[in-house]
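Undergrad: These protein sequences, in sequence, are chains Y and S. Each residue of the first sequence is one higher than the one before, starting from 1 at the first, in this note's numbering. Each residue of the second sequence is one higher than the one before, starting from 1 at the first, in this note's numbering.
FYI, nobody ran anything at the bench for these hints, they're computed from the structure. Think of the CB as a built atom: it goes at the ideal place given N, C-alpha and C, for glycine as much as any other residue. Hints should not be assumed to be uniformly reliable.
What the hints assert, rightly or not - Chain Y regions said to be covered by chain S (calculated; three or more residues, Cβ under 8 Å):
no.	region
1	156–169
2	172–183
Said to hold, decoys possible - Some, not all, of what chain Y presents toward chain S, calculated at C-beta under 7 Å:
no.	residue
3	Gly134
4	Ala152
5	Glu212
6	Met216
7	Ile374
8	Ala376
9	Ser380
10	Ala386
11	Thr390
Stated by the list, open to error - Here are the simulated DSBU-like pairs of lysine-lysine, each with C-alpha atoms no more than 35 Å apart in a straight line:
no.	chain 1	residue 1	chain 2	residue 2
12	S	Lys227	Y	Lys379
13	Y	Lys188	S	Lys285
14	Y	Lys391	S	Lys347
15	S	Lys129	Y	Lys89
16	S	Lys347	Y	Lys283
17	S	Lys129	Y	Lys391
18	Y	Lys91	S	Lys129
19	S	Lys285	Y	Lys379
20	Y	Lys273	S	Lys227
21	S	Lys75	Y	Lys188
22	Y	Lys283	S	Lys219
23	Y	Lys273	Y	Lys342
24	Y	Lys221	S	Lys75
25	Y	Lys379	S	Lys75
26	Y	Lys164	S	Lys129
27	S	Lys68	Y	Lys283
28	Y	Lys89	S	Lys68
29	S	Lys285	Y	Lys283
30	Y	Lys250	S	Lys285
31	S	Lys285	Y	Lys221
32	Y	Lys188	S	Lys76
33	S	Lys75	Y	Lys391
34	Y	Lys273	S	Lys75
35	Y	Lys83	S	Lys68
36	Y	Lys221	S	Lys347
37	S	Lys285	Y	Lys391
38	S	Lys219	Y	Lys188
39	Y	Lys83	Y	Lys188
40	Y	Lys379	S	Lys336
Spelled out, the chains give:
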Amino acid sequence: MFPSSPHHLSGLSGTLHAPNAQAASVVVSSRSYADFTPEATFDIKKVDLHRLEEGPPLTSTLTREDGLKYYRTMQTIRRMELKADQLYKQKIIRGFCHLYDGQEACAVGIEGGITLSDHLITAYRAHGYTLTRGGTVREIMAELTGRREGIAKGKGGSMHMYTKNFYGGNGIVGAQVPLGAGVALACKYLGTDQLCVSLYGDGAANQGQIFETYNMASLWKLPIIFICENNQYGMGTSVERASASTEYYKRGDFIPGLRVDGMDVLCVREATKFAADHCRSGKGPILMELQTYRYHGHSMSDPGVSYRTREEIQEVRSKSDPISMLKDRMLSNNMASVEELKEIDIEVRKEIEDAAQFATTDPEPPLDDLCSHIYANEKSFEVRGATPWTKLTSHS
Amino acid sequence: MASLRSFLRSGKNAVSVVLRREFSETSPAAVQVNVRDALNQAMDEELERDERVFLLGEEVAQYDGAYKVSRGLWKKYGDKRIIDTPITEMGFAGIAVGAAFAGLRPICEFMTWNFSMQAIDQVINSAAKTYYMSAGFQTVPIVFRGPNGSSAGVAAQHSQCFAAWYGHCPGLKVVSPWNSEDARGLLKAAIRDDNPVVFLENEMMYGVPFELSEEMMHKDFVIPIGKAKVERQGTHITLVSHSRCVGFCLDAAAVLAKEGVECEVVNLRTIRPLDVDTIEASVMKTGNLVTVEGGWPQYGVGAEICARIMEGPAFNYLDAPAVRVTGVDIPMPYAKILEDHSVPQIKDIIFSVKKVLNM
Chain Y
1 MFPSSPHHLS
11 GLSGTLHAPN
21 AQAASVVVSS
31 RSYADFTPEA
41 TFDIKKVDLH
51 RLEEGPPLTS
61 TLTREDGLKY
71 YRTMQTIRRM
81 ELKADQLYKQ
91 KIIRGFCHLY
101 DGQEACAVGI
111 EGGITLSDHL
121 ITAYRAHGYT
131 LTRGGTVREI
141 MAELTGRREG
151 IAKGKGGSMH
161 MYTKNFYGGN
171 GIVGAQVPLG
181 AGVALACKYL
191 GTDQLCVSLY
201 GDGAANQGQI
211 FETYNMASLW
221 KLPIIFICEN
231 NQYGMGTSVE
241 RASASTEYYK
251 RGDFIPGLRV
261 DGMDVLCVRE
271 ATKFAADHCR
281 SGKGPILMEL
291 QTYRYHGHSM
301 SDPGVSYRTR
311 EEIQEVRSKS
321 DPISMLKDRM
331 LSNNMASVEE
341 LKEIDIEVRK
351 EIEDAAQFAT
361 TDPEPPLDDL
371 CSHIYANEKS
381 FEVRGATPWT
391 KLTSHS
Chain S
1 MASLRSFLRS
11 GKNAVSVVLR
21 REFSETSPAA
31 VQVNVRDALN
41 QAMDEELERD
51 ERVFLLGEEV
61 AQYDGAYKVS
71 RGLWKKYGDK
81 RIIDTPITEM
91 GFAGIAVGAA
101 FAGLRPICEF
111 MTWNFSMQAI
121 DQVINSAAKT
131 YYMSAGFQTV
141 PIVFRGPNGS
151 SAGVAAQHSQ
161 CFAAWYGHCP
171 GLKVVSPWNS
181 EDARGLLKAA
191 IRDDNPVVFL
201 ENEMMYGVPF
211 ELSEEMMHKD
221 FVIPIGKAKV
231 ERQGTHITLV
241 SHSRCVGFCL
251 DAAAVLAKEG
261 VECEVVNLRT
271 IRPLDVDTIE
281 ASVMKTGNLV
291 TVEGGWPQYG
301 VGAEICARIM
311 EGPAFNYLDA
321 PAVRVTGVDI
331 PMPYAKILED
341 HSVPQIKDII
351 FSVKKVLNM
């Protein structure tokens, strides 16, 4: 597993590389790809364990291919969320918009530890997961702007996006956790090897229905990975003010738990693999707490600085940014070039621009669609409109 | 052929023998089945028909069901398909909905619908709305079932009728059977339906037997959801009801018939979608309407029916304002005399009919 290269990094380097004075248009790599290190092994932070003798490994081997993939995906999420911020301020996106920038390593690392045949469900900070679970930036942005080509045809909005084996996007805090256990029950019932990842935040972690779910998942040995994305704040309330115990990885009591550095995509990946193995071996549920951070406020209507300082946000950005961490690792180990990563940045930027352009020009859903999708597999029926004379039709 | 020959040979005596033999050779035309057994048989047949169907709830497995509706099912199908849950409605209702998301066809039992209030977010926000929010991507083929409405002596927290609450919500189908035919046909239809169905039973009806024809006993007998049934033809006034009150309406109709008043009794069977067409056709025929329900009057099923009649063509056929007979607008008391006066009685229906008809 250990490559011949002697370069092992312990921890991460804090500062970003100063941007190169390269032309932004055409960038030619000065080295051929054969010169790059194909894989490197990194030390990763030790994981805190609860009711576990052993945890995930203390090192993680990253291939160049995976590194580039994770970099691209995290950058895509980052830029997509920042674009959503812009569009929201221009009032092109409306309603609720809960942004994920800062937390990219969680979504990308989790996906790195499972497969698309596994299942996943999360709460309303879901744009990143919609992408990692197979959605395109185009259809995500068009959903945010409420257009007909949106991933839910404009019917759902920010909090209600679905793809295969991804059950949203859920607006009611905590409700997604028992739903995820139900998906896990189906996996076990149908005799598949699949599992369900069920995510919730530090705010949701105190919900009674989550404890009800811990109980049933353990009783019935459901293949579920509970993941608490602890970004330190439930809306405007810090973890110390909301929870009598902030050791969320222990809150499952009889369920084994791990507390993981959620800013390090490799940490998240190794922990997820470990958790997935646990589930697939029939041992039942396991709980992961990912310590992470959101740069934005709770939602677009929250500036995010009344309950935390700008200094705090800036410190996380400069010392623990997940994209910078990965970038530094890859550059320091000769796994990619600055130019190559810049190319990816440019491609990502273009993809987001194109998607935003599409999302602002695609027409809104047709009024015919207003009453559709009430019932599945039903012949058309009349729906009462705002007045007794307004007769509308529902199609499945 | 043999029976015909023997008939021709032996004359009259042979006829009765032949007829008797014919009857004993064919299966019995009708059987007496109580509502509990009708529900039990419906679930049994659907569990057998489709492996994805399973039942979960409190005491449904090893206890044979708190009201014995699931008697024998655990013994037959085992732990995988008949699942006892802890007393955690919000959790297990959510689990049931999640299982439906992932392709199973759960039957989630609430021991009574009163306890569904603990889980109502999962029924409405997770089950009812998901097909719409996902623009048709995610189906939720789940049945929530259990006894609804008043029982006997169980007091306020265990006696509420939820027909109006759930009937209010688009995305749900809400079904309220009266007799064994309804229970059997509608439960099968509900289990086979790809949408979330709220199935409101009635504990006082569980032990009541009804005749089920051979056709009704067929394993593919289903009653379409969303279609009311005219239980009794009449000409002077329409009585619209659901669940146990349908029986009271028929009893009231029998008494009124002696005084020359012929009531048409409509059994809603489904609360949502409401079969307005059948109600309208009946009102246009009789010119008078009384609705009868066990639930509270304010914002109830009867209120909806009256509003719809006002807004539709049947209004012009009314000879008098439509009127509602309902449960009394109070939490259910315990003492028998008080409880008896908290629910619609047959005399209330008769009184209302006579008032409407100005008798």
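Undergrad: Run every hint past the structure and note whether it holds.
TA: Going down the list of hints, with the structure as the test:
Counting residues of the region 156–169 of chain Y whose CB lies closer than 8 Å to any CB of chain S gives 5, so the stated coverage by that chain holds, three being the minimum. Counting residues of the region 172–183 of chain Y whose CB falls under 8 Å from any CB of chain S gives 9; the rule of at least 3 is met. Hint status for Gly134/Y relative to chain S: violated, with the closest Cβ pair at about 12 Å, above 7 Å. Because the beta carbon of Ala152/Y sits about 5 Å from the nearest beta carbon in chain S, less than 7 Å, this interface hint is met.
A distance limit of 7 Å between C-beta atoms decides the matter here; for Glu212/Y the minimum to chain S is near 3 Å, and the interface restraint holds. A hinted interface residue such as Met216/Y counts as satisfied when its beta carbon comes closer than 7 Å to some beta carbon of chain S; here the least separation is about 6 Å, so the hint holds. The interface hint given for Ile374/Y is met, as the beta carbon of that residue sits about 6 Å from the closest beta carbon of chain S, less than 7 Å. Hint status for Ala376/Y: holds, given a least beta-carbon distance of 4 Å to chain S, under 7 Å.
Taking 7 Å as the C-beta contact cut-off toward chain S, the hint placing Ser380/Y at the interface is violated, the least distance being around 12 Å. Using the Cβ-Cβ criterion of 7 Å, the hint placing Ala386/Y at the interface with chain S is not satisfied: the shortest such distance is roughly 12 Å. Checking Thr390/Y against chain S: minimum C-beta separation of about 11 Å lies over 7 Å; hint violated. For a cut-off of 35 Å, the pair hint linking Lys227/S to Lys379/Y stands: about 14 Å separates their Cα positions.
At roughly 56 Å between alpha-carbon atoms, Lys188/Y and Lys285/S are farther apart than 35 Å, so this suggested pair is violated. Between Lys391/Y and Lys347/S the CA atoms are separated by roughly 39 Å; this puts the pair beyond 35 Å, and the hint is violated. At most 35 Å may separate the alpha-carbon atoms for a hinted pair to count; Lys129/S and Lys89/Y meet this at roughly 29 Å. Pair hint Lys347/S plus Lys283/Y does not hold up; C-alpha atoms about 62 Å apart against a cutoff of 35 Å.
This hinted pair checks out: Lys129/S and Lys391/Y have alpha carbons roughly 21 Å apart, not beyond 35 Å. In summary, the hint linking Lys91/Y to Lys129/S is supported, as the alpha carbons are separated by about 26 Å, within the 35 Å threshold. In summary, the hint linking Lys285/S to Lys379/Y is supported, as the alpha carbons are separated by about 28 Å, within the 35 Å threshold. A threshold of 35 Å between alpha carbons decides the hint, and for Lys273/Y with Lys227/S the separation of about 52 Å lies outside it, so the pair is violated.
Pair hint Lys75/S plus Lys188/Y holds up; C-alpha atoms about 21 Å apart against a cutoff of 35 Å. Pair hint Lys283/Y plus Lys219/S does not hold up; C-alpha atoms about 40 Å apart against a cutoff of 35 Å. Under the criterion of a C-alpha separation no larger than 35 Å, the hint pairing Lys273/Y with Lys342/Y is consistent with the structure, at around 30 Å. Distance restraint check for Lys221/Y and Lys75/S: the Cα-Cα separation of roughly 22 Å lies within the 35 Å cut-off, and the hinted pair is therefore satisfied.
The straight-line distance between the Cα atoms of Lys379/Y and Lys75/S is roughly 38 Å, outside the 35 Å bound, and the hint therefore fails. Taken as a hint, the Lys164/Y and Lys129/S pair is honoured in the structure, with Cα atoms around 18 Å apart against an allowance of 35 Å. The hinted pair formed by Lys68/S and Lys283/Y meets the criterion: a straight-line CA distance of about 34 Å does not exceed 35 Å. With a C-alpha separation of about 59 Å, the suggested pair Lys89/Y and Lys68/S falls outside the 35 Å cut-off, and the hint is violated.
Using a Cα cut-off of 35 Å, the hinted pair Lys285/S and Lys283/Y is violated, with the two alpha carbons roughly 66 Å apart. A C-alpha spacing of about 68 Å is found between Lys250/Y and Lys285/S, which places the hinted pair above 35 Å, so the restraint is violated. For a cut-off of 35 Å, the pair hint linking Lys285/S to Lys221/Y is broken: about 60 Å separates their Cα positions. The straight-line distance between the Cα atoms of Lys188/Y and Lys76/S is roughly 20 Å, inside the 35 Å bound, and the hint therefore holds.
Straight-line distance between C-alpha atoms of Lys75/S and Lys391/Y comes to about 50 Å, which puts the hinted pair past the 35 Å bound. At roughly 39 Å between alpha-carbon atoms, Lys273/Y and Lys75/S are farther apart than 35 Å, so this suggested pair is violated. A threshold of 35 Å between alpha carbons decides the hint, and for Lys83/Y with Lys68/S the separation of about 58 Å lies outside it, so the pair is violated. Simply put, Lys221/Y and Lys347/S have alpha-carbon atoms about 55 Å apart, too far for the 35 Å limit, and the pair is violated.
Proximity of Lys285/S to Lys391/Y is assessed by CA-CA distance (about 24 Å); at most 35 Å being required, the pair is judged to hold. Proposed proximity of Lys219/S and Lys188/Y is supported: the alpha carbons are some 29 Å apart, at most 35 Å. A distance of roughly 40 Å separates the Cα atoms of Lys83/Y and Lys188/Y; the hinted pair therefore is violated under the 35 Å criterion. Restraint check for Lys379/Y and Lys336/S: not satisfied, since their Cα atoms lie roughly 47 Å apart, outside the 35 Å limit.
In this structure, the earlier hints numbered 3, 9, 10, 11, 13, 14, 16, 20, 22, 25, 28, 29, 30, 31, 33, 34, 35, 36, 39 and 40 are contradicted, and the remaining ones agree with it.
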